[in-house]
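Asker: Residue-level listing of the chains:
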Amino acid sequence: MADKILKELTLKIWRQKDAKSKGGFETYKIHNVSTGSSFLEMLDILNEQLVSENKEPVAFDHDCREGICGTCSLFIDGRAHGPDDDVTTCQLHMRRFEDGATITIEPWRCGAFPVIKDLIVDRSAYDKILQAGGYVSVNTGGVPDGNAIPIPKHKADEAMDAAACIGCGACAATCKNSSAMLFVAAKVSQLALLPQGKAEAARRAKAMVAKMDELGFGNCTNTGACESECPKSVSIEHIARLNREFLKAKFKD
Amino acid sequence: MSNFFTSSIGKKFILSLSGLFLIAFLCVHLTMNLLLILDNSGELYNTGAHFMVTNPVIKIIEPVLAIGFILHIVLASILTLQNRSARPIKYALRNQSGNCEWSSRNMYILGAVILIFLVIHLYNFWWNIKFPTLGNTALNTVTVGGVEMEDTYTLVASLFKSSVIYCVLYILGGIFLGLHLTHGFWSAFQSIGFCNQIWRKRLECLAKIFAFIIAIGFCIIPLYFMLGLAGK
Numbered sequence: 000m001a002d003k004i005l006k007e008l009t010l011k012i013w014r015q016k017d018a019k020s021k022g023g024f025e026t027y028k029i030h031n032v033s034t035g036s037s038f039l040e041m042l043d044i045l046n047e048q049l050v051s052e053n054k055e056p057v058a059f060d061h062d063c064r065e066g067i068c069g070t071c072s073l074f075i076d077g078r079a080h081g082p083d084d085d086v087t088t089c090q091l092h093m094r095r096f097e098d099g100a101t102i103t104i105e106p107w108r109c110g111a112f113p114v115i116k117d118l119i120v121d122r123s124a125y126d127k128i129l130q131a132g133g134y135v136s137v138n139t140g141g142v143p144d145g146n147a148i149p150i151p152k153h154k155a156d157e158a159m160d161a162a163a164c165i166g167c168g169a170c171a172a173t174c175k176n177s178s179a180m181l182f183v184a185a186k187v188s189q190l191a192l193l194p195q196g197k198a199e200a201a202r203r204a205k206a207m208v209a210k211m212d213e214l215g216f217g218n219c220t221n222t223g224a225c226e227s228e229c230p231k232s233v234s235i236e237h238i239a240r241l242n243r244e245f246l247k248a249k250f251k252d
Numbered sequence: 000m001s002n003f004f005t006s007s008i009g010k011k012f013i014l015s016l017s018g019l020f021l022i023a024f025l026c027v028h029l030t031m032n033l034l035l036i037l038d039n040s041g042e043l044y045n046t047g048a049h050f051m052v053t054n055p056v057i058k059i060i061e062p063v064l065a066i067g068f069i070l071h072i073v074l075a076s077i078l079t080l081q082n083r084s085a086r087p088i089k090y091a092l093r094n095q096s097g098n099c100e101w102s103s104r105n106m107y108i109l110g111a112v113i114l115i116f117l118v119i120h121l122y123n124f125w126w127n128i129k130f131p132t133l134g135n136t137a138l139n140t141v142t143v144g145g146v147e148m149e150d151t152y153t154l155v156a157s158l159f160k161s162s163v164i165y166c167v168l169y170i171l172g173g174i175f176l177g178l179h180l181t182h183g184f185w186s187a188f189q190s191i192g193f194c195n196q197i198w199r200k201r202l203e204c205l206a207k208i209f210a211f212i213i214a215i216g217f218c219i220i221p222l223y224f225m226l227g228l229a230g231k
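Heads up: the protein sequence lines correspond to chains A and B, in order.
No gaps in the numbering here: position 61 of the first sequence is 60 in numbering that gives the first Met the number 0, and each next residue is one more.
No gaps in the numbering here: position 77 of the second sequence is 76 in numbering that gives the first Met the number 0, and each next residue is one more.
Warning: the hint list may mix true and false statements.
Claimed, not checked - Chain A is nowhere near these chain B residues, computed Cβ spacing over 10 Å in every case: (1) ASN2; (2) GLY9; (3) GLY47; (4) HIS49; (5) LEU78; (6) SER103; (7) PHE130; (8) CYS194.
Stated by the list, open to error - Under the rule of at most 27 Å between Cα atoms (straight-line distance), these lysine-lysine pairs were calculated in the BS3-like manner: (9) LYS16(A) with LYS89(B); (10) LYS175(A) with LYS200(B); (11) LYS116(A) with LYS11(A); (12) LYS11(A) with LYS175(A); (13) LYS28(A) with LYS6(A); (14) LYS251(A) with LYS210(A); (15) LYS200(B) with LYS154(A); (16) LYS19(A) with LYS89(B); (17) LYS210(A) with LYS127(A); (18) LYS54(A) with LYS21(A); (19) LYS152(A) with LYS200(B); (20) LYS175(A) with LYS251(A); (21) LYS154(A) with LYS54(A); (22) LYS127(A) with LYS197(A); (23) LYS154(A) with LYS251(A); (24) LYS210(A) with LYS207(B); (25) LYS28(A) with LYS16(A); (26) LYS210(A) with LYS175(A); (27) LYS21(A) with LYS116(A); (28) LYS247(A) with LYS210(A); (29) LYS89(B) with LYS127(A); (30) LYS19(A) with LYS54(A); (31) LYS129(B) with LYS175(A); (32) LYS89(B) with LYS116(A); (33) LYS21(A) with LYS89(B); (34) LYS54(A) with LYS127(A); (35) LYS89(B) with LYS11(A); (36) LYS28(A) with LYS127(A); (37) LYS19(A) with LYS127(A); (38) LYS200(B) with LYS247(A); (39) LYS89(B) with LYS175(A); (40) LYS28(A) with LYS89(B).
If you are wondering where the hints come from, they were derived from the structure by calculation, not from laboratory data.
Just so you know, even glycine gets a beta-carbon here, dropped at the ideal spot from N, CA and C.
Just chain A, with the same shape it has in the complex (with noise of 0.2 Å):
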């Protein structure tokens, strides 16, 4: 069965020529968008058009377009990833817009992510995070057997849904405070419930947190909205076993 077809759809877009302009709103119209085809091929259609206009195509964040990398982001209709629960915006369908529609789509809103040009932000400050302390310090040494260290199956089971976060922002840029606590809580969460990870947990967890505040993202208030957007169903589970990590951290200290 051919896929319906979108007459007529109306988008505003958040345009801004680099990082020190000012930005704003633009509305552009797209004609006879497939149901089919992904948020971001009606981005690269609308693209191909301005192109064949001579104007400036839109610029986003992509890269695998399979929800798995983390790349692209977007703030549609007032939600992060979209209207979609649990996708990327690589992974939302136009068969879940209605034709005749307005779709506006913002950058991330984050003081910590700045904007860099249009759509796409400045997500560095979640590798600065990672860099505090999101590894597990090999020194030295071959590599070691598999199944050398026992790991029960639901504690390998919780880790790997915490390892799930793919650092998207989306948590960040749907947090009503702006704060990165889930992608924080994840990261910490996947190495603290290995024997891997818990030899550095109290370290990781302090450098963690503290280069969270620093970098200026907001307090968690728990309202859940993060793991409601995160494309990967991330629980805020992991923030409760964050709080844990670190005030264990701290009160040993």
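Take the given structure of chain A and dock chain B to it, following the hints.
Answerer: Structure of chain B alone, referenced to chain A:
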């Protein structure tokens, strides 16, 4: 412990503990207040209130309670200000109804409304009991079981019997407090790290029940007087 009180989680830890302390206070406060509607002669309430003001434990707790309130308010204000500045450019379009509860998004506003209520409430009763000569309402003494004590029952009863506006105000206070607690109760446990997948459901359910009991409990007292159930 260095930087504990400047870290986001450290501040939230203190905010949560002060919140839980205030929750404990609410339980005692509501229990005492319910004596108002159990005995229309007011003897039961007066005896209870007299016990509270003369009890040395309460004397020690009173300033601690004030500190609890101040800590809770000051920290919430600091955290809210930081949160506001964390997003210098706001979204043009936001749709949050699908991803979190209204009360969880508006804790500070709910808290501010409760604070306004608290100031009025303190003026109505605490001020008039502590400084009877300065207050507008005369506080008489009454003898219950051979002990002379302040007639606080009449102070409360006359306010609610004489003014529908105050009754409505106190009912609204109870409702806002309940809304604040639906999120605050379980959120406090989450912030101190006492939560996981299983306990979250339990705590959220418990929070709703607790908030309902507190809201209804505080609302029925002015309602009781408003409906004339305490007599004229």
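Asker: Does each hint fit the structure? Answer for all of them.
Answerer: Hint check results:
With a closest Cβ-Cβ approach of about 7 Å to chain A, ASN2(B) is found to fall inside the 10 Å limit, against its non-interface label. Listed as outside the interface, GLY9(B) is inconsistent with that label: its C-beta sits roughly 7 Å from the nearest C-beta of chain A, within the 10 Å cut-off. Annotated as non-interface, GLY47(B) keeps its C-beta farther than 10 Å from every C-beta of chain A; the closest such distance is 36 Å. Consistency note on HIS49(B): stated as away from chain A, and its beta-carbon is indeed over 10 Å from all of that chain's, at 41 Å minimum.
A cut-off of 10 Å between C-beta atoms contradicts the statement that LEU78(B) is not in contact with chain A; the least separation is 5 Å. Interface exclusion of SER103(B) from chain A breaks down, the closest Cβ pair being 4 Å apart, not more than 10 Å. Interface exclusion of PHE130(B) from chain A stands, the closest Cβ pair being 38 Å apart, more than 10 Å. Once the 10 Å rule is applied to beta carbons, CYS194(B) is inconsistent with being away from chain A; the minimum gap is 4 Å.
Between LYS16(A) and LYS89(B) the CA atoms are separated by roughly 19 Å; this keeps the pair inside 27 Å, and the hint holds. Distance hint between LYS175(A) and LYS200(B) is fulfilled; the C-alpha atoms sit about 23 Å from each other, no more than 27 Å. Our distance criterion of 27 Å between C-alpha atoms is met by LYS116(A) and LYS11(A), whose separation comes to about 16 Å. For the hint pairing LYS11(A) with LYS175(A), the CA-to-CA distance comes to about 22 Å; that is within 27 Å, so the pair holds.
This hinted pair checks out: LYS28(A) and LYS6(A) have alpha carbons roughly 10 Å apart, not beyond 27 Å. Of the supplied pair hints, the one linking LYS251(A) and LYS210(A) holds, its CA atoms being roughly 20 Å apart against a limit of 27 Å. Proximity of LYS200(B) to LYS154(A) is assessed by CA-CA distance (about 20 Å); at most 27 Å being required, the pair is judged to hold. Only pairs whose Cα atoms come within 27 Å are accepted, and LYS19(A) paired with LYS89(B) is accepted, the gap being roughly 17 Å.
The straight-line distance between the Cα atoms of LYS210(A) and LYS127(A) is roughly 7 Å, inside the 27 Å bound, and the hint therefore holds. As the CA atoms of LYS54(A) and LYS21(A) are separated by approximately 19 Å, the hinted pair is consistent with the 27 Å bound. Straight-line distance between C-alpha atoms of LYS152(A) and LYS200(B) comes to about 23 Å, which keeps the hinted pair within the 27 Å bound. Pair hint LYS175(A) plus LYS251(A) does not hold up; C-alpha atoms about 32 Å apart against a cutoff of 27 Å.
Restraint check for LYS154(A) and LYS54(A): the C-alpha separation of about 53 Å exceeds 27 Å, so the hint is violated. Restraint check for LYS127(A) and LYS197(A): the C-alpha separation of about 21 Å stays at or below 27 Å, so the hint holds. Taking the CA atoms of LYS154(A) and LYS251(A), the gap is near 25 Å; set against the 27 Å cutoff, the hint holds. For the hint pairing LYS210(A) with LYS207(B), the CA-to-CA distance comes to about 35 Å; that exceeds 27 Å, so the pair is violated.
The straight-line distance between the Cα atoms of LYS28(A) and LYS16(A) is roughly 21 Å, inside the 27 Å bound, and the hint therefore holds. Of the pairs offered as hints, the one joining LYS210(A) and LYS175(A) holds, with about 20 Å between alpha carbons and a cut-off of 27 Å not exceeded. Annotation: proposed proximity of LYS21(A) to LYS116(A) holds, straight-line Cα distance about 10 Å (limit 27 Å). Using a Cα cut-off of 27 Å, the hinted pair LYS247(A) and LYS210(A) holds, with the two alpha carbons roughly 18 Å apart.
With a CA separation close to 24 Å, the supplied pair LYS89(B) and LYS127(A) stays within the 27 Å bound. In summary, the hint linking LYS19(A) to LYS54(A) is supported, as the alpha carbons are separated by about 21 Å, within the 27 Å threshold. Simply put, LYS129(B) and LYS175(A) have alpha-carbon atoms about 42 Å apart, too far for the 27 Å limit, and the pair is violated. A threshold of 27 Å between alpha carbons decides the hint, and for LYS89(B) with LYS116(A) the separation of about 17 Å falls inside it, so the pair holds.
The hinted pair formed by LYS21(A) and LYS89(B) meets the criterion: a straight-line CA distance of about 14 Å does not exceed 27 Å. Restraint check for LYS54(A) and LYS127(A): the C-alpha separation of about 35 Å exceeds 27 Å, so the hint is violated. Distance hint between LYS89(B) and LYS11(A) is fulfilled; the C-alpha atoms sit about 16 Å from each other, no more than 27 Å. Taking the CA atoms of LYS28(A) and LYS127(A), the gap is about 39 Å. The hint is violated against a cut of 27 Å.
For the hint linking LYS19(A) to LYS127(A), the alpha-carbon distance of about 22 Å falls within 27 Å, and the restraint holds. A distance of roughly 24 Å separates the Cα atoms of LYS200(B) and LYS247(A); the hinted pair therefore holds under the 27 Å criterion. Proximity of LYS89(B) to LYS175(A) is assessed by CA-CA distance (about 10 Å); at most 27 Å being required, the pair is judged to hold. Note on LYS28(A) and LYS89(B): the hinted pairing holds, with a Cα-Cα distance of about 25 Å set against a maximum of 27 Å.
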